[in-house]
Amino acid sequence: MFSCRACLRRALGSSTSSSISTDLAILSIAASSQHTRSFATSSIEDAIRAPVASTTSRQTRPSTRLDLKDRQKLEWAVKKHLERMDDPFIIAQHVSRTLAKDRYDEALLLVQQASKTAQCVVSWNHLIDYQMKNQKLNAAVRLLNDMKKRGQHPDELTYTIIFRGCARSTYPKLAVAESVRLYKSMTKDARLKPNIIHLNAVLQACGRAGDLDAMFSLLDSLDDSKLKPDTHTYTAILQSLRASAEDPASTKTASQQLRKEHVAQTIERCKSLWEEVMRNWRKGDLVIDEHLVCAMGRVLLLDKSTRSQDILVLAAETMNLPRFDKDSNAKPHDAVDPAAPSPKSSSKKTVAYAVPGKNTLSLLITILTDARLTRTGIRYWHHILDTYAVKPDAKLWEQMLRLLHLGRASADAASLAAAIPPPLATPYFFRLAFATCLRDKNSPRMPANAAAIVDSMSAAGRTDPKSLALYLQLVQGRGEDFSPANMDEWKPEP
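Under the working numbering, think of the first position of the sequence shown as 16, with each following residue one higher.
Treat the hints with caution; some may be incorrect.
Listed next, with one range per pair, are the computed distances between beta-carbon atoms [unchecked claim]: (1) R112 - E290: 44 to 54 Å; (2) L483 - D228: 52 to 62 Å; (3) D204 - N153: 33 to 43 Å; (4) S232 - D204: 16 to 26 Å.
When the alpha-carbon atoms are kept at most 27 Å apart in a straight line, the in silico DSSO-like pairs for lysine-lysine are as follows [as the list claims (entries may be wrong)]: (5) K163 - K148; (6) K151 - K208; (7) K151 - K163; (8) K131 - K84; (9) K364 - K341; (10) K456 - K406; (11) K116 - K148; (12) K151 - K164; (13) K199 - K95; (14) K373 - K406; (15) K241 - K275.
Keep in mind that the hints were calculated from the coordinates and are not lab data.
For clarity, every value in this text was computed on a predicted model and none was experimentally measured.
Beta carbons are placed, not taken as given, at the ideal position from N, Cα and C, and that holds for glycine.
Given only the sequences and the hints, what does the whole structure look like? Please build it.
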């Protein structure tokens, strides 16, 4: 408004000249100090973190004015950051650190400003990933559209982030609609075509939403593309079909007969798919893994009449596991060579067995518990743990203890209780072991096994009154309070 100090002095009068001079001197010092690097850095942080106004002023000023001033401070801070950053890689690193501090508005404005002069695709990916992790699918899609409008070209990772976020979304219906729409738009894009990772993520989203029609429509489109299903594709299909058969919402109004027919139809559908899997695997065109094998195994478990042999044959064919249910004289450590040759392939491609892990062990224990094959389960347990160095989790320890309880194997329960790592041991595990001793109370070795369980419980630091009370009942020849009927009542309170 006033172009010089003389004009300003004449306007205000000589009575205020001294105070004005002081204020101008302060402003001059502040303006000159902004050229130093240290002050610029601290000013940026102050502009972001400092409150805009006091509580009194917030009550008197309009909110739009506050928003405008906040925006101005943020723009000033972003401008200072960009003066020191011109490399998209450095900008992406800064955006990642800013989002880690939940300063999303600052990161968004910085990326928008930087996109005027450079391709900042990685930074946009960080923003989209941040929104997907916070379950804000619509906001992530808006970012994608804004990215395109600003001349930024999404890459394969951009869509991978969105599709994987859709597969993990807590809003499956919305996620499957958006993911299918984006996937189909990619198929029409001449610059960027969907890959198998994108397809698998969209299939998982369809499975979570229970939308089998959308899933199979995408699979039908594979004939028009160059994509070939891989192990993750087949796993997603099998898991989706199993989930649809287990979904109570889809079968609650159906009769018992219709439910059985639906399960039988699902199993036959999966078996037909499995024939294709095995055919491609034996030709060397497909690599199978534990997740795929166990997905098929759990489909077979849908039929309550499934024999344990069906699951064990599946594991033997695909993982080269021994059949401990057939050869009672086989030694677990010598039953199979982990480096044994794979099945012969008609081509020169390498065919490899799947490697068993915790998922496989859980599947085998489940079917062997239903079949009451305790000794067979013990042999598979030791073989997989020793040969493949599998580390059981808490759920596996509980599954195995329940199998031993079913088979009255108190000696094995005592050995297992001693092997449980202290961080995973719970009082309930030792109560299960004591319950096994109760079922094996006619064995002369039962008191010694129970005493060994007490020692293991003390060593793990998990001694509790209920376990000790149960032990006293065992050594006194009682134990009516702990039976298979009320076993779950002895679980610790959550």
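Structure-based check of each hint:
Take R112 and E290: their Cβ atoms lie about 51 Å apart, and the range 44 to 54 Å holds. Between L483 and D228 the beta carbon distance is about 58 Å. The supplied range of 52 to 62 Å therefore holds. For D204 and N153, the Cβ-Cβ distance of about 21 Å falls outside the hinted range of 33 to 43 Å, so the restraint is violated. Separation of S232 from D204 is about 19 Å and conforms to the stated range, judged on CB atoms against 16 to 26 Å.
Between K163 and K148 the CA atoms are separated by roughly 21 Å; this keeps the pair inside 27 Å, and the hint holds. Taken as a hint, the K151 and K208 pair is honoured in the structure, with Cα atoms around 25 Å apart against an allowance of 27 Å. This hinted pair checks out: K151 and K163 have alpha carbons roughly 19 Å apart, not beyond 27 Å. This hinted pair checks out: K131 and K84 have alpha carbons roughly 23 Å apart, not beyond 27 Å.
Between K364 and K341 the CA atoms are separated by roughly 32 Å; this puts the pair beyond 27 Å, and the hint is violated. Restraint check for K456 and K406: not satisfied, since their Cα atoms lie roughly 31 Å apart, outside the 27 Å limit. For the hint pairing K116 with K148, the CA-to-CA distance comes to about 14 Å; that is within 27 Å, so the pair holds. The suggested pairing of K151 with K164 holds, with an alpha-carbon distance near 20 Å, which does not exceed 27 Å.
Distance check on the hinted pair: K199 and K95 sit about 41 Å apart at the alpha-carbon level, beyond 27 Å; violated. For a cut-off of 27 Å, the pair hint linking K373 to K406 stands: about 8 Å separates their Cα positions. Distance restraint check for K241 and K275: the Cα-Cα separation of roughly 38 Å exceeds the 27 Å cut-off, and the hinted pair is therefore not satisfied.
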